[in-house]
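Assemble the whole structure, with the sequences as input and the hints as a guide.
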Amino acid sequence: MTALLSKQLRLVCHPMTLVFLLAGVFFLIPNYPYSVAFFYVTLGIFFMFMNGREQRDADYNAILPVRKADTVKAACLFTALVELCSLVIAVPFAVLSARINPNGTNLAGLDANVTLFAIAFLLFAVFNIVFLPSFYRTGYKVGVSFLKASVCVAAVVILDVAVTHVPGLGWLDGVDTASCLRQLPILAVCAAVYAIMTLLACRWSIKRFEKVDL
Amino acid sequence: MNVLEVEGLRKVYPAFTLQDVSFTVPEGAIVGFIGRNGAGKSTTLKSILGLVHPDGGMVRWCGEDVKGCEKTFKENIGVVLGGVDFYPKKKLRAITAATKKFYPNWDEAKYQHYCKLFSLDSEKRVDQLSSGMKVKYLIALALSHSARLLILDEPTSGLDPVSRDELVTLFRSIVADGKRSILFSTHITSDLEKCASHITFIKDGAIVHTGTVAGFMEAFADRGGTLEDIIISVERRELDDGAII
Chain A
2 MTALLSKQLR LVCHPMTLVF LLAGVFFLIP NYPYSVAFFY VTLGIFFMFM
52 NGREQRDADY NAILPVRKAD TVKAACLFTA LVELCSLVIA VPFAVLSARI
102 NPNGTNLAGL DANVTLFAIA FLLFAVFNIV FLPSFYRTGY KVGVSFLKAS
152 VCVAAVVILD VAVTHVPGLG WLDGVDTASC LRQLPILAVC AAVYAIMTLL
202 ACRWSIKRFE KVDL
Chain B
125 MNVLEVEGLR KVYPAFTLQD VSFTVPEGAI VGFIGRNGAG KSTTLKSILG
175 LVHPDGGMVR WCGEDVKGCE KTFKENIGVV LGGVDFYPKK KLRAITAATK
225 KFYPNWDEAK YQHYCKLFSL DSEKRVDQLS SGMKVKYLIA LALSHSARLL
275 ILDEPTSGLD PVSRDELVTL FRSIVADGKR SILFSTHITS DLEKCASHIT
325 FIKDGAIVHT GTVAGFMEAF ADRGGTLEDI IISVERRELD DGAII
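As they're listed, the protein sequences go chains A and B.
The working numbering applies: residue 2 is where the first sequence begins, and numbers increase by one.
The working numbering applies: residue 125 is where the second sequence begins, and numbers increase by one.
Careful, some of the hints might be misleading.
To be verified - Chain B is faced by these chain A residues, among others (derived, beta-carbon under 8 Å):
1. Lys8
2. Gln56
3. Arg68
4. Asp177
Simulated from the structure, these hints should not be mistaken for laboratory data.
All C-beta atoms in this analysis are idealised placements derived from N, C-alpha and C, irrespective of residue type, glycine included.
Below is the structure:
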């Protein structure tokens, strides 16, 4: 698996996939739907899969002493690593954003708080469960798969914007310590949903790709 | 001893069927897998490698079903499927660095030796190599992890006569020690005449003949004196001039 992950980084990963790891920079923009930042991370993942297809990565995998299932597992694991790295890198930008933008000033959506990270987990979960199995159904239809996934991701972004307008849910938008502590269980639930959905996406992708004749 | 045994391989497509393909690759042999375009050579090779799912049949590596020893099988083979088409903008150095991590028995000294022998420049990108050099690069990778069997799908197609002759000479030297074998699909009969010890002839998805070159020539003695005469004679279809007009 280490060899496959190293190959993914050296030969398949698109430079923009790594650039979009800095999506947290978007948190410094005033009045912006911050969950869109994580959409750019999925865009980077799309570039990686497109690059793999254009560079005929599957042909290279064919000559390696690995099972087809392992190549899918490695691509799914690398995708998850990219997503998790983007979240970790976003944390300092969220802290900085809370200092720059005082509580409640983001009029376009959630502030950069714990709820936003929960939404990010949800966004990645939805992206993975739609994009990965859709792509591995053929191993080459990357554009259509991304389009389908983007429609679903857009729904999560709308959730980010909508939640700030629901009366009684103001605590979800807070960046003060008390609000953030109250938001933690939501983060835990969304992280669990992400883990389960990504695992299911990987299993489903393996099953589908096994049936594909290369 | 046979390193590879293919038995009753079957694959059904809407417009083409691979019908009970069976043949063997003995240790130290160069097996020429010959047939016209669309005869089923690539489908057979891809089925052997597990890239295509056969509807029936079995592939054995040193007597063991490859389904049970896929990793061992793939660690012991080198594959060239029509030249290097992957990662055209990457340098050979980068591809080699990623590839060698997959082989526990990778021999860097051997790799450097073959690069020198084949005049391969690691700093060159794949798309800067000629077709012949691409094949040589993949062969260098295969020999550097001590592959016992090379599976080559039309490696000499599209090459000039000098490059083809160089590759054929290389194939002969690879099997010279009797420990390595080559399964080599082609539709260029002259290449086979120069290096093959065995021939497997496939037509319309079915094996017409498999065995030694001498046995093949004997079996089709009435069809002509050269491999090319025999293949053309077996493959020729009667054309109705009226139908063409």
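Each hint tested on the structure:
1. Lys8: Hint holds; lysine 8 of chain A Cβ to chain B Cβ min 4 Å, cut 8 Å.
2. Gln56: holds (5 Å)
3. Arg68: holds (6 Å)
4. Asp177: Cβ of aspartate 177 of chain A sits 48 Å from chain B, so the hint is violated.
Comparing the model with each earlier hint shows a violation of hint 4 alone; every other hint is respected.
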